[in-house]
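Colleague: Below are the chains, spelled out letter by letter.
Protein chains: 4
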Amino acid sequence: MPAIKTIGILTSGGDAPGMNAAIRAVTRSAIFSGFKVKGIYRGYRGLITNEIVEFKTQNVSNIIQMGGTILKTARCKEFETAEGRQLAYDTIRQHGIDALVVIGGDGSLTGARIFASEFNFPIIGLPGTIDNDLFGTDKTIGYDTALNTIMECVDKIRDTATSHERLFFIEVMGRDAGFLALNGAIAAGAEAAIIPEISTEVDQLAELIQNGFRKSKNSSIVLVAESPVTGGAMALAERVKNEYPGYDVRVSILGHLQRGGSPTASDRILASRLGSAAIDALLEDQRNVMIGISNDQIVYVPFSKAIKNDKPINRDLLNTLRRLSI
Amino acid sequence: MPAIKTIGILTSGGDAPGMNAAIRAVTRSAIFSGFKVKGIYRGYRGLITNEIVEFKTQNVSNIIQMGGTILKTARCKEFETAEGRQLAYDTIRQHGIDALVVIGGDGSLTGARIFASEFNFPIIGLPGTIDNDLFGTDKTIGYDTALNTIMECVDKIRDTATSHERLFFIEVMGRDAGFLALNGAIAAGAEAAIIPEISTEVDQLAELIQNGFRKSKNSSIVLVAESPVTGGAMALAERVKNEYPGYDVRVSILGHLQRGGSPTASDRILASRLGSAAIDALLEDQRNVMIGISNDQIVYVPFSKAIKNDKPINRDLLNTLRRLSI
Amino acid sequence: MPAIKTIGILTSGGDAPGMNAAIRAVTRSAIFSGFKVKGIYRGYRGLITNEIVEFKTQNVSNIIQMGGTILKTARCKEFETAEGRQLAYDTIRQHGIDALVVIGGDGSLTGARIFASEFNFPIIGLPGTIDNDLFGTDKTIGYDTALNTIMECVDKIRDTATSHERLFFIEVMGRDAGFLALNGAIAAGAEAAIIPEISTEVDQLAELIQNGFRKSKNSSIVLVAESPVTGGAMALAERVKNEYPGYDVRVSILGHLQRGGSPTASDRILASRLGSAAIDALLEDQRNVMIGISNDQIVYVPFSKAIKNDKPINRDLLNTLRRLSI
Amino acid sequence: MPAIKTIGILTSGGDAPGMNAAIRAVTRSAIFSGFKVKGIYRGYRGLITNEIVEFKTQNVSNIIQMGGTILKTARCKEFETAEGRQLAYDTIRQHGIDALVVIGGDGSLTGARIFASEFNFPIIGLPGTIDNDLFGTDKTIGYDTALNTIMECVDKIRDTATSHERLFFIEVMGRDAGFLALNGAIAAGAEAAIIPEISTEVDQLAELIQNGFRKSKNSSIVLVAESPVTGGAMALAERVKNEYPGYDVRVSILGHLQRGGSPTASDRILASRLGSAAIDALLEDQRNVMIGISNDQIVYVPFSKAIKNDKPINRDLLNTLRRLSI
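Respectively, the protein sequence lines represent chains A, B, C and D. Using the UniProt record's numbering, the letters of the first sequence map in sequence onto residues 1 to 326. Using the UniProt record's numbering, the letters of the second sequence map in sequence onto residues 1 to 326. Using the UniProt record's numbering, the letters of the third sequence map in sequence onto residues 1 to 326. Using the UniProt record's numbering, the letters of the fourth sequence map in sequence onto residues 1 to 326.
One or more of the hints may lead you astray.
It does not matter which identical chain is meant; a pair holds if it fits inside one copy or across any two.
Once the Cα atoms are required to be at most 20 angstroms apart in a straight line, the calculated DMTMM-like pairs of lysine to aspartate or glutamate come out as [unchecked claim]:
no.: 1; residue 1: 72; residue 2: 248
no.: 2; residue 1: 36; residue 2: 98
no.: 3; residue 1: 77; residue 2: 248
no.: 4; residue 1: 56; residue 2: 207
Hints were generated in silico from the structure; no laboratory data involved. Note that the coordinates shown come from a computational prediction; the quantities given were computed from them, not determined experimentally.
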């Protein structure tokens with residue numbers, strides 16, 4: 001492999017606030033260290049459709065505060081095939097790209113891992129997902145912003161007039177991980193969270209009802225992780241209607257707005273540090289690692305470890321939530 | 001009728017941001033003018049259940065910025081019966097309340113009108129509803145905040161990665177009125193709004209599709225007023241799937257969060273002016289009028305006129321929206 | 001004058017949130033009606049330095065929510081000279097620009113008026129200033145956002161622990177007009193406002209102190225318009241120290257942040273309507289008018305009238321503020 | 001010492017967003033574990049003036065989202081004297097308070113340490129300060145919110161039209177610690193930060209100018225920690241005028257608004273966890289420790305260690321900032 005001169009950068013998968021801050025950090029740190037930078041549009045698809053432009057420092061001016069990603073993102077079926085990846089590799093050669101920085105979640109890093117090994121090509125991953133479900137990093141880019149967005153929505157819902165005895169299910173993102181639901185519930189002062197991590201162990205809904213979730217005459221708010229394991233808010237509401245007919249149940253599904261918004265300070269700083277560290281990693285001849293943060297220190301996490309391990313949720317938080325909702 | 005010495009205040013119906021600012025303004029203006037003030041909890045129900053406390057100026061300190069209503073609100077079936085209203089009147093006599101200020105929407109003012117006429121009792125209404133659907137006032141308390149909340153949600157949804165050719169229906173409140181949907185669409189830079197006012201005249205969905213709503217490869221966002229007349233976002237999405245199968249349709253229902261949040265400057269100022277004017281009106285021996293704002297001037301609108309007339313929507317805005325979404 | 005084919009657009013003077021929404025509306029409405037559009041950078045200076053690019057509908061995509069102005073703005077001394085304006089006119093001819101839309105405040109519209117008359121050139125003005133001090137329009141673009149920004153800052157300041165008997169002067173913008181100070185005070189629940197409009201009539205500080213501004217043991221907050229007439233917050237604090245030494249005075253100067261931020265719904269809608277109406281006005285052969293809004297209707301205001309007349313402040317609001325701060 | 005039955009809680013020193021969330025967590029966790037809770041108003045002063053009320057779970061309902069502190073805070077000179085502390089102790093005995101939870105910064109915990117040792121009285125401290133300058137905890141309650149507030153202000157300032165070559169000093173809090181200035185600069189995409197930690201080592205202003213801080217024609221923004229060591233923004237601006245007369249310098253002092261605002265998710269969760277852990281600590285017979293968070297785990301930090309040790313700033317962040325501002 002020749003020395004790296006040009007670095008390609010792309011965002012992939014579901015977008016997350018702070019991706020732009022990461023793009024800015026990667027671009028400027030790379031230029032600072034003498035590299036050329038090429039921006040690849042719409043994730044891996046841009047490698048196949050050849051949507052690539054050179055990025056100068058001005059290309060990333062005034063984007064740190066923007067939600068979404070200026071590079072766009074898309075899911076790309078073709079990149080899951082050997083033919084697609086060959087096309088992508090051809091494009092990379094054609095543009096003289098010597099290394100990639102990929103910002104995305106589990107699926108995106110899986111793609112990176114396969115591509116890197118097939119073509120012996122250096123890739124650095126940055127954890128960009130609101131779900132916070134990547135192993136090896138305390139936080140992922142976008143998680144803090146999504147958590148604040150959820151909290152602000154629940155704050156607004158709680159403002160509204162509360163008839164008595166209402167049970168409110170608010171569905172938040174988190175297919176495989178309850179970070180948003182559990183921490184969102186604590187932050188918003190909600191009564192409970194229903195999360196996938198313990199769905200097979202206990203019947204969280206039954207427990208909730210049996211514990212007498214209502215301590216006052218006010219409405220109770222329960223955050224539900226959108227997941228096949230929890231069933232989601234709609235299915236839970238259906239169960240309540242059938243099994244506990246005394247309750248007046250309402251459902252609110254926060255949906256896509258959780259992915260947007262100007263990133264919080266924490267997400268911008270995280271993205272700036274990780275993006276800058278991605279270039280350090282390349283300078284140190286690292287490859288095929290995800291840059292993470294652990295105990296406020298930069299760490300390198302092999303792709304396989306980041307992807308394959310479940311990130312544990314802090315179960316003490318379930319107790320904290322229970323104590324504070326009395 | 002003896003001279004008014006004590007004024008009761010209540011909030012009724014769906015709550016709206018700025019109700020607290022109105023409660024503060026009524027209370028302080030009343031005390032400033034030498035009246036006693038009694039706060040009635042949970043709307044008309046509090047008149048039946050006797051949930052009433054005297055309000056001093058401190059009771060309304062530091063509430064101007066709060067969403068919801070410190071007096072709570074509830075819908076009250078009993079008040080729709082003659083017996084219920086008699087109970088309410090007895091409570092009012094018992095507390096020495098000589099006049100009422102009622103903050104709420106169409107249904108609440110209808111209740112006020114009936115009660116006022118049955119018992120020859122002075123009531124002043126304040127328009128408090130996010131729907132902006134009361135005739136005789138340019139704006140209702142809560143409308144501006146809800147409009148901003150909707151806009152911020154759509155801003156966030158638009159941030160997210162846009163696959164091509166996606167059609168996004170975002171359902172907002174407005175059972176009988178398209179103010180939120182139409183103005184929200186203009187404010188958020190959405191492509192179109194589907195509103196009840198013209199639902200019987202044209203097939204808005206068909207028109208939208210036929211006009212070729214997509215001018216770019218980006219997703220298109222359409223705001224839909226939640227109304228039996230429009231059908232709501234879900235039904236429209238269903239129609240698209242059946243009638244225009246080429247589109248990738250998504251639905252987001254903003255729901256209850258539209259009622260909450262700290263009120264905007266405009267809503268706080270409106271509530272402060274209307275609340276203050278309610279006391280002026282009582283001092284001028286007005287009764288059974290809603291206080292409104294028209295061309296930035298305080299106006300008195302007879303209950304019957306405020307309730308019975310449809311408030312027209314400015315149809316020029318439909319053209320503005322169309323021109324700006326090219 | 002030949003028929004108009006190409007419209008130039010510029011923003012000038014102090015920038016205001018919503019200018020981007022206006023740029024978008026002018027551009028898209030113009031293209032919708034078959035015109036070409038040229039964006040002129042950095043206000044009148046761009047006419048002298050020839051910073052002009054053609055604008056397509058994509059140039060104004062996704063800017064409605066941005067603070068500032070993508071066209072930048074600058075104050076331009078040269079444009080105040082006959083030579084400078086001749087240079088500007090030459091540039092305009094060179095680019096084939098047949099009419100201008102100028103978004104700005106009093107100074108910018110004065111420049112427009114002079115230029116339009118010197119060269120018999122059609123110009124439409126849009127009121128873009130946070131100060132709301134243009135005659136003939138109920139609201140200017142940016143005012144509502146600035147008002148909300150001020151309110152949010154005061155909300156935060158009021159949150160903080162209040163030692164007793166503290167007098168807080170918060171200086172807000174408004175060189176010649178007290179709209180922001182007076183309405184900001186009502187919206188934030190402040191105790192008083194000191195505004196230029198009545199500075200020569202009464203000694204507002206003396207009145208404030210003599211009225212016993214403190215009704216409780218909490219701190220009192222007074223909003224002060226930054227103006228040579230009021231003296232500004234610093235000078236008032238100095239006076240208090242000298243003349244009323246019993247008070248613990250604090251000063252906060254909000255400064256430049258009042259000009260920034262994502263525009264509110266009201267400002268975006270106003271900007272969209274006015275920008276769209278600017279093109280209508282040109283289609284109707286209007287020229288040398290400012291587009292305003294009056295009683296929710298579009299109006300055309302001759303430049304001379306918009307600039308030369310003082311816009312009166314609603315003095316009832318002073319009474320409202322006084323009653324509500326008891 | 002008899003077994004603890006009643007716990008007193010107070011907030012002291014400069015207030016910080018999240019203090020209410022901490023009050024709620026302490027109160028509810030205490031009640032959950034069978035304790036009585038007494039709320040003490042205005043910090044240590046309330047122990048002298050006897051402003052104490054019993055807190056039930058309802059007293060802390062719906063406060064998690066509020067800025068400031070419902071218990072108020074004040075600085076108290078008398079508590080610095082032996083006589084004052086004796087009065088405080090008498091009040092504590094009179095109310096049957098067996099242990100205290102004190103939420104505050106360095107000065108407040110110093111007071112706690114002295115009092116605890118003089119009267120052999122159990123006290124648990126919670127780190128509540130926006131400055132983040134307490135040793136032994138990764139984060140203090142209020143820091144994340146203040147950081148976001150600063151970032152949002154700088155975002156707004158950056159929005160405004162940028163004449164060329166302007167140098168903007170924005171002063172933020174942080175008497176002894178540059179956490180807010182340095183991290184705020186990274187989050188806001190500012191060009192530099194001037195912080196107390198390295199003030200004696202290098203002339204940060206000279207370095208900034210000599211490094212050629214301007215890379216583009218846009219304005220440059222520098223965050224300055226308000227500190228005798230840095231000199232503050234005003235003094236720096238004065239220096240620039242004298243020593244580097246070519247620059248157009250502007251100053252903005254964010255001031256008190258940095259202490260206010262609804263707490264972020266991170267601050268609410270931190271406050272909830274620490275407040276809950278304070279009760280666990282008392283149950284474990286801990287005393288005279290500050291509850292901290294380290295690597296996402298609860299830790300107990302002896303008062304002396306928390307107060308006397310300087311908390312180091314991560315100097316890598318200075319490099320990150322420099323690289324990203326090219």
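Colleague: Hints first: check each against the structure and report whether it holds.
Modeller: How the hints compare with the structure:
Taking the shortest alpha-carbon separations for residue 72 and residue 248, only the inter-copy value of 18 angstroms comes in at or below 20 angstroms, while the best intra-copy value is 42 angstroms. Within a single copy, residue 36 and residue 98 get their C-alpha atoms as close as 10 angstroms, which meets the 20 angstroms cut-off; across copies the closest is 43 angstroms, which misses it. Proximity of residue 77 to residue 248 under the C-alpha cut-off of 20 angstroms is restricted to the inter-copy arrangement: shortest distance 17 angstroms between copies versus 43 angstroms within a copy. In the homo-oligomer, the alpha carbons of residue 56 and residue 207 never lie at most 20 angstroms apart, since the shortest distance is 56 angstroms inside one protomer and 25 angstroms across protomers.
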